[in-house]
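Using the hints, put the two chains back together into the complex; each one sits in its own frame.
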Amino acid sequence: MLREISQFYIDGFRSMRVGRKLWIIIFIKLFIMFGVLKIYFFPNYLNTNFPTDETRAEHVLDKITVYPQ
Amino acid sequence: MLEQVDLTQVNWARAQFALTAMYHWIFVPLTLGLSFLLAFFHTIYFKTGNEEWKRLTKFWMTLFAINFAIGVATGIILEFQFGTNWSNYSWMVGDIFGAPLAAEGIFAFFLEATFFAVMFFGWNRVSKRFHLFSTWMVAFGSNLSALWILVANGWMQFPTGMQFNPDSARFEMHNFWEVLFSPVAISKFTHATSSSFQMACLFVVGVSSWYLLKGRHGLMAKRSIIVASVFGILSSGFVAFTGDEAAYTVASKQPMKLAAMEGLYDGEKGASIIAMGIVNNTKEVGDNQDPFIFDVKIPGLLSLLAKRDIDSFVPGINDLVYGNKEHNVIGADERMANGKMALANLKAYKNAKELGDSASAERILVEFNKYRDDMGYGYLNKPSDIVPPVPTTFYSFHIMVILGTLFPVIFLLFLFFAKKGTLQSQRWLLNLGLACLPLGYIASEAGWVVAEVGRQPWAIQGLMPVSVANTNLTTGTVQTSFFMFFALFTLLLIAEIKIMMTQIKNGPEEN
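First to last, the sequence lines map onto chains A and B. Heads up: the first sequence begins at 1 in my numbering, then just goes up one per residue. Heads up: the second sequence begins at 70 in my numbering, then just goes up one per residue.
Be a bit skeptical, because a hint or two may be false.
To be verified - BS3-like cross-link-like pairs, simulated, lysine-lysine; straight-line CA separation at most 27 Å:
| # | chain 1 | residue 1 | chain 2 | residue 2 |
| --- | --- | --- | --- | --- |
| 1 | B | K123 | B | K283 |
| 2 | A | K21 | B | K322 |
| 3 | B | K127 | B | K197 |
| 4 | B | K409 | A | K21 |
| 5 | B | K123 | B | K488 |
| 6 | B | K366 | B | K352 |
| 7 | B | K439 | A | K63 |
| 8 | B | K366 | B | K322 |
| 9 | B | K127 | A | K29 |
| 10 | B | K451 | B | K409 |
| 11 | B | K322 | B | K352 |
| 12 | B | K451 | A | K63 |
| 13 | A | K63 | B | K422 |
| 14 | A | K38 | A | K21 |
| 15 | A | K63 | B | K409 |
| 16 | A | K29 | B | K567 |
| 17 | B | K127 | B | K116 |
| 18 | B | K123 | B | K489 |
| 19 | B | K439 | B | K451 |
| 20 | A | K21 | B | K488 |
| 21 | B | K416 | A | K63 |
| 22 | A | K29 | B | K574 |
| 23 | A | K63 | B | K419 |
| 24 | A | K21 | B | K116 |
| 25 | B | K451 | B | K416 |
| 26 | B | K439 | B | K422 |
| 27 | B | K127 | B | K567 |
| 28 | B | K439 | B | K419 |
Unchecked claim - Okay, the calculated bits of chain A under chain B, using three or more residues with CB under 8 Å as the criterion:
| # | stretch |
| --- | --- |
| 29 | 27–34 |
| 30 | 52–60 |
Because the hints were derived from the structure by calculation, they are not lab data. On a predicted model such as this, the values are computed, not experimentally measured, just so you know. No residue lacks a Cβ here, since even glycine has one placed at the ideal position from N, Cα and C.
For reference, chain B alone in the conformation it holds in the complex (with noise of 0.2 Å):
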């Protein structure tokens, strides 16, 4: 029975997996979006033959190093805990992520780590046409490995292009078109790779900053800013585009993570925004509080975001949670209903098969299917355990929404600055360049939570949630691995500091 699994076991579980993916998270924007600058500083360098612009892309170059040595391999503690502490979900999705996983093996890892060498030891020793093909090939080759895992990633919050079998306990996949161009999949890596692109212009403007503070390495750092900056514009208009575009389709795939990033309880025509507010912690399912202590909101902002019609009607957390009929939202009671006809249908079928009878398994089947999309319903206790944690998810939703918005300002303050020529003066902007360089990673960061808290309970969405995907381990035997990573991590994250700062007080070398 589900009241018997252990929940702070699970808890604790999905705590180690988000410090891992977390930390994972810090190093994989700014090699996405680094390479491309590297791309670009190196296609300067190309078409002028301006030394200063080769010494500014090998400075570059080593602080992308530096981030990929030691942000490389991090990914792989998540598929060790894949096979430990998450083993139902790993063997029941084997079939999918495998397809992706060995695409990303294949096609970007190699292509990316062959250019990888010639990237850094090319200088003067192959041809330079060759050499900046190489530096294109890393940039692409980083972003086609995190197309692959955003796939997957994707899969889980939309699960299609597949068909569970009985028999293996396995979804298998069936169209592998279905899965790479599902909208979850195309909006998740066109929106993380864009906000990444973002925070690495974030970084470079950031470190050029302190060097303009410092008076040190001047032209360095403008020529750094300008370029950072017009594809820190560049990126923030791609940034909004698909924000949105993922925010329609969170709208239709999970109206209830939309629901919570938005602290809507009671589902209205014209739904308002909330541009910002405090939530009312107290606030339960279907209570009569209002769910903010403050809040400023925009009227139909949300019905345009989510409908793309200002009037149209946008389900909040009650009307998933209870249904609303006149709005055809069918409540997760009904959901729960079917998903404990599917798992009763599954157990007998797998009785039948077990007796040999045959001809009862096919029938068995046949009732299994009808309600097998609301499978994992039917492992829930009650409706509401449907609503994710509503303040993580809103909070969260919020800080990446307001930084998004305020990094295209500082990238057009710093561009215009530096076309008067007055940029070096400009030491408040300067220090607010510093200060954005952390606020990038929060922004990212941020992004990450409202994806992954905000579909709870759900592993895989309406078909699996946390508390089946778990293995019954001993709650002492994930916290103990969950304090070494810990410890792990922090050790690494003071290396990459340590190793970063010296490296860029140093700067550039000399010619």
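Looking at chain A on its own, in the form it has when it is part of the complex (with noise of 0.2 Å):
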């Protein structure tokens, strides 16, 4: 069954002409996203910065009750 259903998806791979190209785009762009975008631009600024969902829960809960006198 598990060989069955590997040799379908090889051999529908192999039988791809567009498709190549369009799975080179999909890494390529998957690549961008989480191996450059995601780990130097995008880091979650509440994991990076507070340790603990109570420190996180403080943070916030200090952002949220400053505001106009």
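The following block contains the structure:
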């Protein structure tokens, strides 16, 4: 059964024409998104700067209770 | 203080989010609509066994794959931005968004992904019945994915089924079904999907028109046009019905958005709809200037759409900002006072908890709960801050409606001439069909501009303005990532258009 399923995918990928180009684009895009953008430009602000949920909650509460007098 | 928030940085973060969302939405509607058209084409092949229908189905399937491949995962970038640029918001809505997004992952994504490979690779490899079933599952799965995202968006427009927890600073879900079946979520889902069907039909009609203009693949083009036009007409009817329902929902849940959509400053009984108009850009809230330089009105229609009663009162921007006692409209100044009470009590509650004074904390919490529904108003500086950009909302709404009204006429004309057997000689119509392809995208994007610009200044309606949702980063940081996205999206869009055009020029595989 597993062999049949894997063969189904292998044959499918082999018979691709436009699909190969598309897979290359998908992999490049995913690499840029997760390998470059996410790591270097989009850190999770709260997870990076606050170690626990309690400290994150405290920080957000501090921020949202500062308002015009 | 709110005055200390760097609004330049907030606006760059908003621009980045808008850029990403609008780019993502280039691909989504075609996936939603074309998946059903593929299912129709495939079903006809299954029923007739005619190889021409198989060739046709495979051709549109290839264009579907190109669109899907370029667009896939671009929505994840929005999640990156939540964590970096909108950390306060992200933390506060985590409990609400977690459920619908998890449901998307479990039900829709896996349903879609499992049957995707069978749809593409299944020709002559699996039974014809299972292959057709897979194509239908891809269509349902894609649209089910959209449901969960639109439920999350609907919640921001009309927060329901939740309670704010002042200890964790989170909106916690209390009733999943209330969130799922909120009238805003339902109207958003039905209107977004039906308009996506309409857009995909325009795509098929546009590409097929090009073939007929070039005198190529005539039979395939005509068959595609007939199926797409029939689906397009049915979808257009549904778009009109769901659009009417969406406007009715907006009127009751987001009356300021409706007023901005119609440029209505002073509320009135038997309010008119503006069929077309030029907004007076110097008009300010509360002044005596005419809101329009030029307009064509249809009397009573706005009241009918908004309240289902042609003589009913529809509040305008001035009523919602300053209040209108005669019609029981609470002004923003009163709600701002409530909001400031809520925030003062929230701060006092936090201090009491820190001091370990449980009795005071309990007492303050009762006070906070009295005013919490207007919490977001407490962050505003002046009542007129609740007014969204009127010209952008007005023009986007009218572009969407005018184009949405034009499209069913186009579909009807295509069907009429296809039935007469003279479609190929109607070059004016074929050119019009081709021109409607980009117009479908414009209408679809304009709809989102209405939905998102029209609800400003709120990230969460009435509870949190965008300036509070934002992380305090430097403007330069956000600008850098904005321009990086701009470059990446432009490259990907060029790649899609190039690959798509090449594939269209090549046409379907020859037998």
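For each hint, the structure was consulted:
1. B:K123 / B:K283: holds, 22 Å
2. A:K21 / B:K322: violated, 47 Å
3. B:K127 / B:K197: holds, 14 Å
4. B:K409 / A:K21: violated, 56 Å
5. B:K123 / B:K488: holds, 23 Å
6. B:K366 / B:K352: holds, 19 Å
7. B:K439 / A:K63: holds, 22 Å
8. B:K366 / B:K322: holds, 24 Å
9. B:K127 / A:K29: Measuring from Cα to Cα gives roughly 26 Å; hence the hint holds.
10. B:K451 / B:K409: With a Cα-Cα distance of about 12 Å, the restraint between K451 of chain B and K409 of chain B holds, given a limit of 27 Å.
11. B:K322 / B:K352: holds, 25 Å
12. B:K451 / A:K63: Satisfied, since the Cα-Cα distance of roughly 20 Å is no more than 27 Å.
13. A:K63 / B:K422: holds, 17 Å
14. A:K38 / A:K21: Holds, at roughly 24 Å.
15. A:K63 / B:K409: holds, 15 Å
16. A:K29 / B:K567: Holds, at roughly 16 Å.
17. B:K127 / B:K116: holds, 16 Å
18. B:K123 / B:K489: Between K123 of chain B and K489 of chain B the Cα gap is close to 25 Å, so the pair holds against 27 Å.
19. B:K439 / B:K451: holds, 22 Å
20. A:K21 / B:K488: violated, 39 Å
21. B:K416 / A:K63: holds, 10 Å
22. A:K29 / B:K574: holds, 25 Å
23. A:K63 / B:K419: Cα-Cα ~12 Å, so holds.
24. A:K21 / B:K116: Answer violated: K21 of chain A to K116 of chain B is near 33 Å, above 27 Å.
25. B:K451 / B:K416: Holds: K451 of chain B and K416 of chain B sit about 21 Å apart, inside 27 Å.
26. B:K439 / B:K422: holds, 19 Å
27. B:K127 / B:K567: holds, 19 Å
28. B:K439 / B:K419: Between K439 of chain B and K419 of chain B the Cα gap is close to 17 Å, so the pair holds against 27 Å.
29. 27–34: holds (count 4)
30. 52–60: It holds: at least three residues are needed, and the stretch 52–60 of chain A offers 4 whose Cβ sits within less than 8 Å of chain B.
The earlier numbered hints that this structure contradicts are 2, 4, 20, 24.
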